[in-house]
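Q: For chain A, the structure is supplied; the task is to place chain B on it using the hints.
Number of protein chains: 2
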Amino acid sequence: MKATLILVALGCTLCWGQAAEDCKPSVLNIPEAKYPCVYPDNRAMFRVVAPDAQKVTVRIGRGFDMTRGPDGVWAVTTTPLVVGFHYYSLQIDGATVADPSTMTFFGSGWQNSGIEIPEPADGDYYRAKNVPHGRVSQQWYFSKVTARWRRCFVYTPPSYETNAKARYPVLYLLHGWGEDETGWYTQGHVDFILDNLIAAGKAKPMIIVMDNLNAVKPSESAALFAARGLVPAPGAAPAVRGGTASPPQGIPAAGAPGAQPARGAVPGGRGGGFNLSAFTDMMFTDLMPAIEQTYRVLPGPQNRAMAGLSMGGMQTFTTALTNVDKFSYLGGFSGSCGGRGGTFDPKTTCGGAFADPAAFNKKVKVLFLGIGSAEGQGTRTFSEALTAAGIHNVYFESPGTAHEWLTWRRCLNDFAPRLFR
Amino acid sequence: MKATLILVALGCTLCWGQAAEDCKPSVLNIPEAKYPCVYPDNRAMFRVVAPDAQKVTVRIGRGFDMTRGPDGVWAVTTTPLVVGFHYYSLQIDGATVADPSTMTFFGSGWQNSGIEIPEPADGDYYRAKNVPHGRVSQQWYFSKVTARWRRCFVYTPPSYETNAKARYPVLYLLHGWGEDETGWYTQGHVDFILDNLIAAGKAKPMIIVMDNLNAVKPSESAALFAARGLVPAPGAAPAVRGGTASPPQGIPAAGAPGAQPARGAVPGGRGGGFNLSAFTDMMFTDLMPAIEQTYRVLPGPQNRAMAGLSMGGMQTFTTALTNVDKFSYLGGFSGSCGGRGGTFDPKTTCGGAFADPAAFNKKVKVLFLGIGSAEGQGTRTFSEALTAAGIHNVYFESPGTAHEWLTWRRCLNDFAPRLFR
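Same order as they appear, the protein sequences are chains A and B. The opening position of the first sequence corresponds to residue 1 in the working numbering, with each subsequent residue numbered one higher. The opening position of the second sequence corresponds to residue 1 in the working numbering, with each subsequent residue numbered one higher.
Just chain A, with the same shape it has in the complex:
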């Protein structure tokens, strides 16, 4: 008992030296990597080879200083972590880098490490099961608004290939700040969630379009580029399969004013900035026509939904609340046009979109507001204010989770069955 207490008091700096049978490798590790690993009580152990370093820290929410072992391997065991997916990084003598032991995930504008703190109780819904599987396809299209090629990913349900005549409703699903169009199918497991819901008869087969929030007009792009001292590179190739692919004429990725720099940014060098200024225009002018020409899509607002997480939820409400004739289903996962305090006034809140509850309820069949319970009460308060104002809405709270992907997987799992009924 005393020994246990001492270990706890030491912040478990000795734990790395112990046999770690109970510490399971994170499922996000590169093949065969044993670390980071997760204990049954959700503490995680990290190990990093950095023989000549003076200070190594794991930053996962907060910092955990690592301790150097005699073999030059630094290690630390954290306090119990919240369940779900977490981006994290290492600081090695002041350099912020990804842990080479994990796959990387685009968040905060760069390729972070990731760790999954599993929740055995309910994780089944986002895992590969022995059910028919849909596809996630990479789709390129040229955007006239931004004057460049863009990439989105498109989930098609299992029956899409076997039933060559069938048409399907569409959900447009957005990522969050600093992420990109890969987020929902890598961090989010959109495909397994839908495959499982469809196989169980809980959700209607649907197409899900996952695009990139960044969208800026070329004039603005050039000006921003110049303002940041970046030199356009004519003829640059769209080699990276991100949302900032270069156009045929070679305009490079645009900067964003006031963009929050990515962690570890090189001064004057990189940003990870975000500019959504042309997103709504791009979506209606380029993305939706491209999807409706390329995929077998059911027409009309009753077959169209839009949702997003965090900044993507805010963008969903920005885009859709001024276009409620185009969408019958709206979802904000940890992000919407409300819930961040202030007085709710149906005449002015969210641009007055809720001023006429009867008209709104007639057009929007499902207004979904999801949040993790660890994120605070703002969304619940917003939902209750909407209800009091006569606006039908669904409030979903993910128990025990924070502003991360487990919250958003659960949101999707609850939202998708409500669509296209």
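Warning: the hint list may mix true and false statements.
Same chains, same label: a pair holds when it works inside one copy or across any pair of copies.
What the hints assert, rightly or not - Listed next, the in silico BS3-like pairs over lysine-lysine satisfying Cα-Cα at most 27 Å (straight line):
no. : residue 1 : residue 2
1   : Lys-144   : Lys-129
2   : Lys-326   : Lys-202
3   : Lys-204   : Lys-165
4   : Lys-202   : Lys-363
5   : Lys-202   : Lys-55
6   : Lys-129   : Lys-365
7   : Lys-202   : Lys-347
8   : Lys-129   : Lys-347
9   : Lys-217   : Lys-204
10  : Lys-217   : Lys-24
11  : Lys-55    : Lys-204
Quick caveat, the hints were computed from the structure, so don't treat them as lab data. The structure presented is a predicted model; accordingly, all values stated were derived computationally and were not measured.
A: Below, chain B alone, put in the same frame as chain A:
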């Protein structure tokens, strides 16, 4: 002139302080990142924020030690680099990590940084142009041989969606050592290369299947896992979209005996190992049936090709030379069953596959051997020996390139037009 000479003599350690208008950001950088950048003479400049580090090195082929600036930013300009795609890493006080300024690419068993040294003269063929675009789709299938879910990516040509009855020939295309099923569509630009060839009428529309070379039987998997001291984690989720996805019953990724550890491996921790022992069995038992059931595929060996790069080229010859009744087209890009020295004897070389030239030539319509000119003469010698032995074959040499993706993009661009004629 003297100043120039001094700068050269200093290894250009001062260059980072200069205005770098001529240094264009690599197209593989994260959005907005200005560094690494590439000069017109193919020198590259790297910058890394590591204020408290004692030594920082860029490893790209060889090491280039960086110099610390007064702002804590380390910088170096390399000597001119070979054109093409290069994996690279940083060493920060002994820790081998990816450069946070670039997208990451799965190679050597982990998520490396990448830089592209462009070749304006011929890069056009692998870039997005204003032509119809095919799709790259993520396809999950369950492998009975390995007892787990596996993922491949499948390119379908532009007409696949518009012509719902058409059937297509199939090329099975493999990555190299330490890479995975994402390689050909991220590093390799398989989609743009085929889109452009098809639009120009140079290649027949075809389906291209890109799988993962790792394939090991569950019995072997469990034994290897135990031998490496790794603890299976029942119920682990296939959260990472790699080729080592966990099966429904939760057998984790397998180790590989004698596998070369990934750079920066944690002792006893991670490997990045490779085990191809069950690949051929898996391909015929699981992959090909899954593809032929799921996609509109033309039947018969005359509609089937197999190719791969480096270790994937070796695997192609291992699989296909003992199954020449199944494939009419074979390609080895910097890898085959020959070319690494020794005496060529048609009776014994490559398992005696070339012992009967007439029979071989009748079955294999195209035998393609590609190599970068900087990789040596072994493949040319092998091709000449085959020709002397009466085996029809195509030798393709990529000028000025090494064992990297520009060689393999060019190989594919030359190989694909020869298929299914």
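Q: Hints first: check each against the structure and report whether it holds.
A: Results of checking the hints against the structure:
1. Lys-144 to Lys-129: Classified as between; 14 Å across copies, 40 Å inside a copy.
2. Lys-326 to Lys-202: Only inside one copy: Lys-326 and Lys-202 sit 25 Å apart there, 42 Å across copies, limit 27 Å.
3. Lys-204 to Lys-165: The answer is both: 16 Å in one copy and 26 Å across copies each meet 27 Å.
4. Lys-202 to Lys-363: within (23 Å within a copy, 50 Å between copies)
5. Lys-202 to Lys-55: neither (51 Å within a copy, 57 Å between copies)
6. Lys-129 to Lys-365: neither (31 Å within a copy, 41 Å between copies)
7. Lys-202 to Lys-347: Neither: 37 Å inside a copy, 61 Å across copies.
8. Lys-129 to Lys-347: neither (47 Å within a copy, 48 Å between copies)
9. Lys-217 to Lys-204: Neither way: Lys-217 and Lys-204 sit 36 Å apart in one copy and 37 Å across, limit 27 Å.
10. Lys-217 to Lys-24: between (47 Å within a copy, 22 Å between copies)
11. Lys-55 to Lys-204: neither (52 Å within a copy, 57 Å between copies)
When each numbered hint is compared with the structure, violations occur for hints 5, 6, 7, 8, 9, 11.
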